[in-house]
Structures are given as C-alpha cells and as structure tokens.
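Protein sequence lines correspond, in order, to chains A and B. Quick note on the numbering used here: the first sequence kicks off at 41 and runs consecutively. Quick note on the numbering used here: the second sequence kicks off at 41 and runs consecutively.
Everything labelled a hint here was simulated from the structure, so no lab data went into it. Take these hints with a grain of salt, some might be off.
Here are the computed lysine to aspartate or glutamate pairs in the EDC-like style, where the Cα-Cα straight-line distance is at most 20 Å [as the list claims (entries may be wrong)]: (1) B:297 / A:328; (2) B:297 / A:178; (3) B:264 / A:299; (4) A:340 / B:278; (5) A:249 / B:278; (6) B:297 / A:278; (7) A:297 / B:278; (8) A:297 / B:311; (9) A:297 / B:336; (10) B:297 / B:311.
Partial list, derived from the structure: chain B residues whose beta carbon lies under 8 Å from chain A [what the hints assert, rightly or not]: (11) 143; (12) 146; (13) 242; (14) 258; (15) 272; (16) 303.
If you only want the chain A side, here are some residues facing chain B, beta carbon under 7 Å, derived [claimed, not checked]: (17) 176; (18) 177; (19) 179; (20) 206; (21) 221; (22) 255; (23) 256; (24) 257; (25) 267; (26) 268; (27) 294; (28) 298; (29) 299; (30) 305.
On a predicted model such as this, the values are computed, not experimentally measured, just so you know. A virtual CB, placed ideally from N, CA and C, is assigned to each residue, including glycine.
2 protein chains.
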Amino acid sequence: MPAIDGNRLLKDLYAAREIGKYKTGVHRPTFSPQDIEARHWLAAKLTEAGLESSIDGIGNVYGRDPTPGRKLLMGSHMETQNHAGWLDGAMGVIYGLEVARTLGHGIDVGSWADEEGHFGPFIGSRSFCGLLTEHEIDVCSNRETGVSLRDALRQAGFSGPPRQKIDTARYRGYLEAHIEQGAELEDHHLRLGIVTAIVGSRRYRIHFKGQQNHAGTTRMSVRKDAGVALVKFVAGIEERFPAVAGPRTVWTTGDIKLEPGAASVVPGGAELVFQFRDTDPAVLEALEKVIDGLLEEAAKGPCEVSVTYRGGSTPSAMDPGFQAALQESAQRHAPGLHQPMPSGAGHDAQIISQMVPAGMLFVPSIGGISHHYAENTRDEDIVLGCQVFCDAAAAILEKG
Amino acid sequence: MPAIDGNRLLKDLYAAREIGKYKTGVHRPTFSPQDIEARHWLAAKLTEAGLESSIDGIGNVYGRDPTPGRKLLMGSHMETQNHAGWLDGAMGVIYGLEVARTLGHGIDVGSWADEEGHFGPFIGSRSFCGLLTEHEIDVCSNRETGVSLRDALRQAGFSGPPRQKIDTARYRGYLEAHIEQGAELEDHHLRLGIVTAIVGSRRYRIHFKGQQNHAGTTRMSVRKDAGVALVKFVAGIEERFPAVAGPRTVWTTGDIKLEPGAASVVPGGAELVFQFRDTDPAVLEALEKVIDGLLEEAAKGPCEVSVTYRGGSTPSAMDPGFQAALQESAQRHAPGLHQPMPSGAGHDAQIISQMVPAGMLFVPSIGGISHHYAENTRDEDIVLGCQVFCDAAAAILEKG
C-alpha cells in the first residue's frame, strides 16, 4: 500500500491554520474574508495536486481527477464555527488532498460549503446532491449578521459559476475523515473510530404562554406561570426519556429563556430549545411520542404551549463494505486500537450517503474538546488516520 | 370629619403624571431629570400647603408641619419603575399632601427616595430611619447605568444638605396609601384594602456549574448538565413548597439562564433567580429549610451548586390601632366594600414601621396591573381612598 507523506500533510494543515488564526484555533465563518481565502488556497492546492479544481456557485471547492475510471470522492469542509478548532473540517479536506497526491489517481476532493450552518444546514453538500433549491438559497441568511446567502455569495465572488452536481455513476462512494468531537476514543485509549452510522435528530423550539404578573401580589392559585410550565415539561423529559431511549441516545435542553426574566415578576412567557439524537429511527420515533405526550399534558395546564420549530434529520448508516475496508486498514496500522462507533455529530457524509455509499473515520479529540479554539489532535494520530484512510481508499478502488 | 377636595387631589395627580409621561403612564427612574423635576415640583406643592419643605442629602422630599404637637407622618415615593404606572408611589405622596391641606395641621409628608430600587432597596426610607450607612451610599450604583449613587446625588444637586432623620418622639405613627398591585380587590368587587402586614421575603440567586460539552457526542452517563441540575432543583421547589407554605405564601422563579445557551451544547452553567414571600416568619423559616434541603441534594449530583446571593426581609405587622381606624373609616364611606389583607409587595411602610406604628391602605388596581404604563385606578376609587385615609388620620390624631 502506498505511504502518505506525513510531513507534507501536517505542513498543509499548519498552513490552513494560519488562515483566520485565532489563539491556537481558527475563526473562519462561512464566506468571511478568511474563509474565502481558505477556499482559494485549497483550490490552488488541488490544482497543484493534478486535479481540475473549481469553486462553484454555492462556494463548494471541487477537485476532479482528470484520469478515466470510477472515482472515490473525499472531503469535508473548510469553514469553522466562530473561534473554533483548526481540524474540524479542514483535516478531512486535507486528508483527501493527501490521498489524491499519494495514490496519483482515483480521488476527487470536495470541500462542502457551510457544513457549520452559518447560513443553513449542509448548504454545500445538499447543493452537490441536488437537495438544495434555488428558493432555499433565496431565503437563507447568516444567523448572526442577517446577510442573505445570495449577497454573501455575490460578495465572495462565487455567484457566477453554476452549482456542481454529483455524477453518481462516476463515484464508487464517498469517504470522510473527521475529529471525533468527543472523548470516547481518548477515554478508551483508542486511536481510530470507524463510524457505523451518523445519528438522526429531532429538534424543537417550544414556547409556553402564561400571564405576566407581580410576584408579590399574585396568589399561587390564579397564576399562569410560564416558567413553571416549562420546568415541569423539562423535568418530564428527564423522568421519561431514560426508559425509552437506546444505550447511545443523547438529549439536551440547550437553552431556556423566561420572559421578562425579572426577580419579582411571574414569567408570562418561556421558551426552550430541545433536541435528541440516535442512530435508530425506531428510537427517534418512540422518543418523539414521549414529547408529544408531554406536550398534550402541558396543554392541559394553565399555560398555552406551542411548538414554534420542529425539525431534524434521519439517521444515516455507513456502507458495510466501507466500514470493513476502514477496519482492515485500521487493524493493519493500529492493531486493537480502533473501534466501531456511531457519530453523534452531523457531517456532510450524512447528506452524500443518500446518493452513494459512504464511510467515515474518526481520530481522537484531545479532552474531547470541539467547537472551541483549544480543539486539538496529536500529530501522530493525524498522520496515522490519514494512512489508514489512504489504505482503505486504495482497497475500495481496487475492488472497483 | 373634614372633607377632602377630590378635584384638587386629582388635578395634582394629573399634573404629576405629566412629569416623565410615557403613553398612559410615567417613566421617572430615580434621579433621572424627570424624577428630579418631580421632587422639586412636590417640594413647591408642600410649601404651598404650608409645610416647611426640603430635599435632603439622599433625595428625600420632606414637608414638616410647623405647628406644635405630635404629628402623623404620611408618604410614599415619587420615582417609578421604567415605563411604569402613574399612581404607584405618587398617589400615596399626594394623598399626604391632600390630607395635610384638608386637616390644616398635624401632618408631615415624606417622599422617600428610590423605593423602586434603581440604586438599592429602600434607600430613602432607610436613610430617614437611620438604617442606611455612608458606606452603603458609597457602594450603591444604578442597576442599569452603573452610575454610582454618590455621583447621581451630586448630579441631581442633592449632595449638599445633610440627611433628615426621623424624630420618633414627634410622630404618632406613619400612614401610607398605595395601589394594590394585584387584582384581589377588583375580583371581589371591593374598593378598599386595609393592610394587616407587609410580607417578608427570601431572595436567592443560585448557580449550577457543570461541564460544557457537545450535545451530540457526549454520552448521557458522563454529562454534567447544569441546566438539568437547575430544572430538577426548580421542580423540587414546585413539588415540596405547597405542603409547607401558608395559604398566602407566594414563590417565584423569576429568571433562568443557561450557559452558553445553544441548541447543540450541553449547558456548562445555569443560574436561577428565586424568591418567596409570606407574612409569617415561621413559614419563611420552614420554606428556607426546604431550599437548604434541595441545595444539599443538588450538591450530591454531578454539578456544583452555589448560592451567589441570599437576602430578604422580615415581615412587618401593621399597627392594630391604625388598622382599626382605617377599617372604621372605610366602613363609614364604603360599607361592606373593604377587607383586611396582607401586602404581597414591599413598601416604605415596612421600613418606617420599625421605628413608629404604621398603617397602610390599598385602592384597587384595574386588572391588577402594575409596573406597566397601563396601570390605573378609577378616579372615584382614588378620591374615596383619600377620604378614608383622611378620616383615619384625623381619628388617630384625635386619640393622640
């Protein structure tokens, strides 16, 4: 099996880290000047590697192997969360670049725009898979600045070319490498994770409407306390979910807001943001029923309850053959130091797996930290991961 | 009994409403230009009524009857909450003015600075009672602007004169009238409330420290979710308080904040603001024990819990003789349309009652609304209340 050039790989990753550098991490939100610079830098790197590179109408950087034959698509994303880590996304892209250079042919590389969702969910990979409408592009805007996606693309200089679409006949499949973003590999002294499936999720924003009142003069019996209604709802989740959840299910009340949120005022409104994730669609469905039951019960209380947002995604199973190829390669380079595991976080692979077989490889996150500038992975784990990734790719291409 | 001049009373209240007018209410935060104007306007009114008026070193407006003999002190406050009601405070002060004019002698009037707590709790009435130290004045600052109390007093032109102190031998006692700030009188078709006691309270700010983590990749078993710890704590209050509380106890979780408060992040911190009120010290103590028990249980969980603020006040019983005088007067002018009731809100009377006997009279709040510009009371209820107040004052002074 061909050996990757670990120094070349790390040198490129270090170079990418300089673009939008923030402390030990990177601040490179989608279509910021730093992100645009990173996309052009990557396109040049892909060209240098012998690929035909382009940046398309949604900002996807795409490098095509000009040689004939079926290809393996590799990639991830170049933009980051705000003040976040240097490897989240970039590592998977540069792995693709390094494998393309190492194998010499058979590899296309994609850097999918906005996996981090500054404008919306999986804009780039959905565009590539034909799952993003022009209408959605019309209505998306930056979650922080409010700038429309159309304006952002125009200002970035990406609005001219058409959007690239996947040619499913061209591809044997899609491989993506990523940092784990959790501490499970580290906790178990493992160096590689082979993803079995990417979790699906259900996401809710739920509002309780009560009646705002003076906290000293309003008797308990006549109160419509939206905060209490919310607390009882969340306590209900914590009470009932464990019995229905699978062993890997996770659920999180990420935010709570009381209105007006003053010491001496009975809250007239309350809002919570809640989500749960699992790889098993049946578990997601059963948990959804728990939520619906709690909503029904809450509606019988003194406050009005309304679901102001309900969304989510379906679980994505990774291709068993790709899992086997990654496993075999992992066992060769790090015997006993790898495990199959689900991905609790979302990735572009969950979109592209809807079109072609897909596989994912995880390397350990030090301390499990991600979405923070302190995110890191040991250099030797980065290099090992790329070699394992490269061997698996070669094996998959060989099988045809 | 002498009759008040209802038109003169309403004319003065309408005039005060113009100072800092906001929609149908008033925006007159403590030591704002509008508040300063209102204090000078009141001082002139008190002089006009034959009292010796002054504004002292804490901003209290004080009108002294120059005639000999024991006096009855009356008052309330002129500043308002932000964008709040026109009667909350001002009505009690103008009642004092009107009673002083009607009786011709025997009445001193005080407008206590900052009852609404823009700088701190009961600054003006505590100063008058000798319960506010120079050190506290040094360290108080505006809860919104951060301007120090010293600077605010200087800018208002109030820092020159000394602070007036109560002469307890001078006073037969203190009477305060106020809007109810609740809907109990209205709900029971009553026109007057005679306050039996002002509730005491316990106030807490409680912080939970967990560990911030990725909501997709962090297993439930290793989480330290500060939001869940907080929700369980509040649910515990709702579960246990009813068994220990008195029939009139009120308790309120007024605010909840999760840190960082993002959909996909396990909260690393959580804070709540909680209070409860009752007129019975034994009930307050028993409820405090419930909170301490819940804190102990929370500390056994995965998160650290700390009480970052713990404060409160003791209940203040109103003088039985003053209650009887108000009741007799109420029965004369509105037979069967009055009731004894506790005050769930705090008032300057709770401070001054520590020095001299005190009584309070409530008039109905339309729809129970207060701390909002829509706060209102029917003109005929305002006039009735002042006549009842005046008769009670005359009766108390007569008894000597």
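A quick look at each hint next to the structure:
no.: 1; hint: B:297 / A:328; result: violated (26 Å)
no.: 2; hint: B:297 / A:178; result: violated (34 Å)
no.: 3; hint: B:264 / A:299; result: violated (26 Å)
no.: 4; hint: A:340 / B:278; result: holds (17 Å)
no.: 5; hint: A:249 / B:278; result: holds (18 Å)
no.: 6; hint: B:297 / A:278; result: holds (18 Å)
no.: 7; hint: A:297 / B:278; result: holds (18 Å)
no.: 8; hint: A:297 / B:311; result: holds (11 Å)
no.: 9; hint: A:297 / B:336; result: violated (26 Å)
no.: 10; hint: B:297 / B:311; result: holds (5 Å)
no.: 11; hint: 143; result: violated (30 Å)
no.: 12; hint: 146; result: violated (31 Å)
no.: 13; hint: 242; result: violated (12 Å)
no.: 14; hint: 258; result: holds (6 Å)
no.: 15; hint: 272; result: holds (7 Å)
no.: 16; hint: 303; result: holds (4 Å)
no.: 17; hint: 176; result: violated (20 Å)
no.: 18; hint: 177; result: violated (23 Å)
no.: 19; hint: 179; result: violated (20 Å)
no.: 20; hint: 206; result: violated (26 Å)
no.: 21; hint: 221; result: holds (5 Å)
no.: 22; hint: 255; result: holds (4 Å)
no.: 23; hint: 256; result: holds (4 Å)
no.: 24; hint: 257; result: holds (3 Å)
no.: 25; hint: 267; result: holds (5 Å)
no.: 26; hint: 268; result: holds (6 Å)
no.: 27; hint: 294; result: holds (4 Å)
no.: 28; hint: 298; result: holds (5 Å)
no.: 29; hint: 299; result: violated (10 Å)
no.: 30; hint: 305; result: holds (6 Å)
In summary, the structure is inconsistent with hints 1, 2, 3, 9, 11, 12, 13, 17, 18, 19, 20 and 29 from the numbered list given earlier, while agreeing with the others.
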